[in-house]
Amino acid sequence: MAQSAPAPLLIERDEMPVSADQLMEMFRYLTDQDARKRELGADQVTDWSRSYSQEDGRLLAGILSIAAACERDHAALEAQLNALLELGANGLSDLQSMAHLREIKLEALPNTLSEYVNDLLEEN
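Numbering (my numbering), first residue to last: 3 to 126.
Since the hints were made in silico from the structure, they are not lab data. Predicted, not measured: the structure shown is a model, and the values here were computed from it. It cannot be assumed that every hint is accurate.
Unchecked claim - If you anchor each label on the Cβ, the simulated ranges turn out as follows:
id, residue 1, residue 2, range
1, A77, K107, 16 to 22 Å
2, N120, P19, 21 to 27 Å
3, Q35, G93, 15 to 21 Å
To be verified - List of simulated lysine to aspartate or glutamate pairs, DMTMM-like, C-alpha gap at most 25 Å:
id, residue 1, residue 2
4, K107, D121
5, K107, E57
6, K107, D96
Just so it is clear, CB atoms sit at the ideal spot from N, CA and C, and this is done for glycine as well.
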């Protein structure tokens, strides 16, 4: 039996700052057991990268860094790294918030992903 794709995040973006409920929903997706949901959560972080306060952005960067360090699914990892790159481009992350990226075993990754991790660590 084929698995259906997980439902998209139920939260919608508006012009208001991201609410606690919206952040909590993102945290749930970023830490879900389902790799596809983790990927969707990271994509949502990327899509909203200009909507976070400094504090929320650093919190998301920390969670994404932890998730990436534990990630086994390459598509989810790529989405997490992309979200971290977007947060950094908007001044919402720093080396300290991404410290767990140093735990990733680069030799176990495809070249493109290991270069991505190195780029993130060198940028900050």
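Here is what the structure says about each hint:
1. A77 - K107: 16 to 22 Å: holds, 18 Å
2. N120 - P19: 21 to 27 Å: Check failed, 33 Å falls outside 21 to 27 Å.
3. Q35 - G93: 15 to 21 Å: 32 Å Cβ-Cβ, so the 15 to 21 Å window is violated.
4. K107 - D121: holds, 15 Å
5. K107 - E57: violated, 28 Å
6. K107 - D96: holds, 21 Å
The structure fails to meet hints 2, 3, 5 from the earlier list, while all remaining hints are met.
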